[in-house]
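Undergrad: Chains as they are written, first to last, in my numbering: chain A, 1 to 517; chain B, 1 to 517.
Check the hints yourself; a few may be wrong.
As the list claims (entries may be wrong) - The list that follows gives simulated cross-link-like pairs (lysine to aspartate or glutamate, EDC-like), each with its CA atoms no further than 16 Å apart:
1) A:K470 with A:D141
2) A:K125 with A:E33
3) B:K470 with A:E33
4) A:K489 with A:D114
5) B:K125 with B:E223
6) A:K470 with B:D141
By construction, these hints were calculated from the structure, which means they are not laboratory data.
Being a predicted model, the structure only gives us computed values, none of them experimental.
There are 2 protein chains.
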Amino acid sequence: MTDTASTRPSRRGRGARRDARTAYTQRFLPEMERGIPYLDAILPEQVDIVHDRTMTLLETTGIEFRDDDSIEMWRRAGAGGGVAIDGHRLRIDREFLMECIATAPAEYTMIARDPERTVTLGGRKSIFTPAYGAPFVRDLDGTRRNATLDDFDNFAKIAQMTPAMQMSGGVLCEPMDIAVPHRHLHMTYSLLKHSTKPFMGAVTSRERAEDSLEMARLLFGEEFVDQHTVMTCLANGNSPLVWDESMLGAAIVYARAGQPVYYSPFALAGANTPASTVGGIAQLNAEALAGCAFAQAINPGSPTIYGMFLMIVDMRSGAPMTGTPDLAHMLLMAGQLARFYNLPVRSVGMHTGSKALDAQAGYEANMNMHAAVHGGINLITHCGGWMEHGLTVNLAKYCTDADIAAGWLRYAQGPRVDDFDDAMQAVREVGPAGHYLGAAHTVAHYTDAFHMPNVMDQTSFEQWEEAGAKNTEQLGWEQADALLASYEKPPIDDSVEAELLDFVARRMTEIPEDQTP
Amino acid sequence: MTDTASTRPSRRGRGARRDARTAYTQRFLPEMERGIPYLDAILPEQVDIVHDRTMTLLETTGIEFRDDDSIEMWRRAGAGGGVAIDGHRLRIDREFLMECIATAPAEYTMIARDPERTVTLGGRKSIFTPAYGAPFVRDLDGTRRNATLDDFDNFAKIAQMTPAMQMSGGVLCEPMDIAVPHRHLHMTYSLLKHSTKPFMGAVTSRERAEDSLEMARLLFGEEFVDQHTVMTCLANGNSPLVWDESMLGAAIVYARAGQPVYYSPFALAGANTPASTVGGIAQLNAEALAGCAFAQAINPGSPTIYGMFLMIVDMRSGAPMTGTPDLAHMLLMAGQLARFYNLPVRSVGMHTGSKALDAQAGYEANMNMHAAVHGGINLITHCGGWMEHGLTVNLAKYCTDADIAAGWLRYAQGPRVDDFDDAMQAVREVGPAGHYLGAAHTVAHYTDAFHMPNVMDQTSFEQWEEAGAKNTEQLGWEQADALLASYEKPPIDDSVEAELLDFVARRMTEIPEDQTP
Chain A
1 MTDTASTRPS
11 RRGRGARRDA
21 RTAYTQRFLP
31 EMERGIPYLD
41 AILPEQVDIV
51 HDRTMTLLET
61 TGIEFRDDDS
71 IEMWRRAGAG
81 GGVAIDGHRL
91 RIDREFLMEC
101 IATAPAEYTM
111 IARDPERTVT
121 LGGRKSIFTP
131 AYGAPFVRDL
141 DGTRRNATLD
151 DFDNFAKIAQ
161 MTPAMQMSGG
171 VLCEPMDIAV
181 PHRHLHMTYS
191 LLKHSTKPFM
201 GAVTSRERAE
211 DSLEMARLLF
221 GEEFVDQHTV
231 MTCLANGNSP
241 LVWDESMLGA
251 AIVYARAGQP
261 VYYSPFALAG
271 ANTPASTVGG
281 IAQLNAEALA
291 GCAFAQAINP
301 GSPTIYGMFL
311 MIVDMRSGAP
321 MTGTPDLAHM
331 LLMAGQLARF
341 YNLPVRSVGM
351 HTGSKALDAQ
361 AGYEANMNMH
371 AAVHGGINLI
381 THCGGWMEHG
391 LTVNLAKYCT
401 DADIAAGWLR
411 YAQGPRVDDF
421 DDAMQAVREV
431 GPAGHYLGAA
441 HTVAHYTDAF
451 HMPNVMDQTS
461 FEQWEEAGAK
471 NTEQLGWEQA
481 DALLASYEKP
491 PIDDSVEAEL
501 LDFVARRMTE
511 IPEDQTP
Chain B
1 MTDTASTRPS
11 RRGRGARRDA
21 RTAYTQRFLP
31 EMERGIPYLD
41 AILPEQVDIV
51 HDRTMTLLET
61 TGIEFRDDDS
71 IEMWRRAGAG
81 GGVAIDGHRL
91 RIDREFLMEC
101 IATAPAEYTM
111 IARDPERTVT
121 LGGRKSIFTP
131 AYGAPFVRDL
141 DGTRRNATLD
151 DFDNFAKIAQ
161 MTPAMQMSGG
171 VLCEPMDIAV
181 PHRHLHMTYS
191 LLKHSTKPFM
201 GAVTSRERAE
211 DSLEMARLLF
221 GEEFVDQHTV
231 MTCLANGNSP
241 LVWDESMLGA
251 AIVYARAGQP
261 VYYSPFALAG
271 ANTPASTVGG
281 IAQLNAEALA
291 GCAFAQAINP
301 GSPTIYGMFL
311 MIVDMRSGAP
321 MTGTPDLAHM
331 LLMAGQLARF
341 YNLPVRSVGM
351 HTGSKALDAQ
361 AGYEANMNMH
371 AAVHGGINLI
381 THCGGWMEHG
391 LTVNLAKYCT
401 DADIAAGWLR
411 YAQGPRVDDF
421 DDAMQAVREV
431 GPAGHYLGAA
441 HTVAHYTDAF
451 HMPNVMDQTS
461 FEQWEEAGAK
471 NTEQLGWEQA
481 DALLASYEKP
491 PIDDSVEAEL
501 LDFVARRMTE
511 IPEDQTP
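In isolation and in its complexed conformation, chain A is listed as follows (with noise of 0.2 Å):
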């Protein structure tokens, strides 16, 4: 593989358009740290009892590992009767599984390749990653069309200039210029070169996991990928009650390596978790649990992250929906479970389910974020790009996510209380139909009082109109547009970036373009 960048049609010709309105500030902001309290949806006592059932229906209904190795690992791990092994369904004993989950640390530090973008998670700390997985992506003309590598070096790019976004992310998009089983190495070293924050692993098969591994290892050091948390990757589970061989094949790789995989059971509810909120996350902690557990039976103590994504049917049509009251009261059940067994938690950010980045977008994208905020999310996922249920994606919409992702930031931080003496000294000195802003406490905080949006329109009708009326979707090309064209990559050791090379162009030839994981 070679670097063909200067080769691909360039997004910077639209950089003439953008003005001073776009101009960003690329400051990066580190992890969100709440001041806000948890909302609980139900009751401690009711976090008890969904407790309790989701023993019960492990240690009796079980759940199937799809994949023999993963068998064989609980077997040795259970060894002492904490398991019981019947093909690939086991039933866990709820104090093993207890004892398993008590290992996992309940916050850890992601080490970037740029130190200032390193970041912490768990705990009241939590991060906005962008979104994963698009076989689509929408043009500014509103074409949806396949994804390209071309497509995947612009949202890397971006990735690293977006403050809130504190990892670069995963399958930023699905490169379908690139034959499935060579696509891990392409994103992989995407990821590394163009951006320093902490990054995502390949996770369809074990071999492509070592890839990302290997690959992490050559740009960090071996030594000090085996001693530090480096990257986060993604486990889906197979609702209800599965987890897959090729999820589980490269979990292994990972969780053998100390790096964090998020088990994540992938929800429809409704369809594959049963039509109930709570009786939904029931199962899912199910799923979520034993996945944990699992890797902390492979390797106790490493960081490891309670997972859920979360889609509710519409039951008139079977279609998804999220942005919807269910699927907040699911987020915030979610993030209380996770605090009741001290684990880190996953879930879903700005979801949509429109097919433009319109109304619907913000609407839903919001009405899910409130809910991963206050529920105490730590790894809010696809906070940059998701539109039409993931399968397509949007510079446009990364740049307003992250726009709107900063706003969550300060929010969570909680109301400033410092200022108020001061402030109510400038109520004093300005009085009944004062103005306040020629005062002196507003000439000394007018830059950090109050939290401002960067595409988010704020200018009147009529310079709206005379600078072409555009919504917020052509704001959000044009961010990216500036932001594209003011990027500048990182600087990495030059044979580093020779070894990386060196091994995709080999493990190129190695792995067949045919190859089926």
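Keeping the supplied structure of chain A fixed, place chain B upon it in accordance with the hints.
TA: Frame of chain A; chain B shown alone:
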């Protein structure tokens, strides 16, 4: 005035485009009764401090009531030494202020013309109301034009038909084709004729308030209005620390009649409050409490609402902003203070600064709504149609906002837990790798397990493209068309309608078109 509806251009021509998808269940949703906890942005001891500094501000700097009659009322009420008067400036003793506040009821019931649309607000009960006061409307083609009485009538009809909008509203838009001194007559008539929900009366002068009240008496009977709450009206404060003559004149009329007013300082935080969220809130607290105390001094025990209208200044340009984290903090603090004073509280809902019904409109609306809902705001205003910081309203956004409001109503109730045992039984029955769509539990619960929005689009990309790739604004218009096409005027006693029309006609001859309030 005559009913000219039949001669006005009808929006029903587009009715043919609607399809089964836009069919709307016209059930009425009663007030939102929260099952979720309140979310407190600041600690109880910080509330105590804000209270103390507010009291000190009213005792030392004081507040202006720029109306001689109002000053005279304060003089009589505070004869025991509770108020020091200097021209229009009042300095109010904290004990006296708190005695006044203490007589206000914590909740009240508004009787609707249709008893099934009677609602209660205060405490854990909240209602949604439409946008208020816009001079412009935005059409389907994006044109912004002056609003007319025809538009007003359409908004009043939609208000009647949207389940989660529990009042018909007040100035649904400014009918710019009617002379200002006559507008209140036409607006009140339209509200009373087209909707059976509780409504809002005119507040721009004492005389107009009396007209609104007289029309309510014609509808409900004089004695009934004397003894019941049938409406709720707005008094905007003039921050910092001023209440103006026109609003006070109307407020006096309503307070004497026992009809509640929300005393609602109009904040542009950073311009007419200090550049501090908690400092701003303390100033607004002083203003709102002085308003509520004024109403209680006039008519102790009558319902009175503590209000705050909130926008924040973008310090880069001086433009208003909404949907930001600081505004959310202010909403949460407003709710906390109202609970401290045991008063019903009004604040903002689905605000946006956006000029189009685009993603920004959705993001901002739900950023505000989450805080209004979590903060326990009881009268959540501007939940239907608000755009461009209230300068423009739009039927499409009215319908999308109402769709989202129904979701928030469901959200605030909290998750169902009574179905948990049955749901767990279904999990055991379905087991690993099963599916739920045909399960007995699903069949029993598929219509009520999950909230399903009406306007938000859940179709696949292919279905959506086939149907014309419509964005939320277009879908909102289809909903509006469908509602207007199926609107039926609610029954009204012919003699009552004749009396209302006579009253409007008489007052139009009595009030010069060029009268200034």
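Undergrad: Has the given pair, K489 of chain A with D114 of chain A, been kept, meaning a C-alpha gap of at most 16 Å?
TA: Roughly 13 Å separates the two Cα atoms, so the pair holds.
Undergrad: Does E33 of chain A sit within 16 Å of K470 of chain B, going by the straight-line distance between their CA atoms?
TA: violated (39 Å)
Undergrad: Are K470 of chain A and D141 of chain A close enough, with their CA atoms no more than 16 Å apart?
TA: It holds: about 13 Å lies between the C-alpha atoms, which stays within 16 Å.
Undergrad: Verify the proposed pairing of K470 of chain A with D141 of chain B, using a straight-line Cα cut of 16 Å.
TA: Satisfied, since the Cα-Cα distance of roughly 14 Å is no more than 16 Å.
Undergrad: K125 of chain B and E223 of chain B: Cα distance at most 16 Å?
TA: With Cα atoms ~27 Å apart, K125 of chain B and E223 of chain B exceed 16 Å; violated.
Undergrad: Quickly compare the C-alpha distance for K125 of chain A and E33 of chain A to 16 Å and report which way the hint goes.
TA: Holds, at roughly 5 Å.
Of the hints listed earlier, those the structure fails to meet are numbers 3, 5, in rising order.
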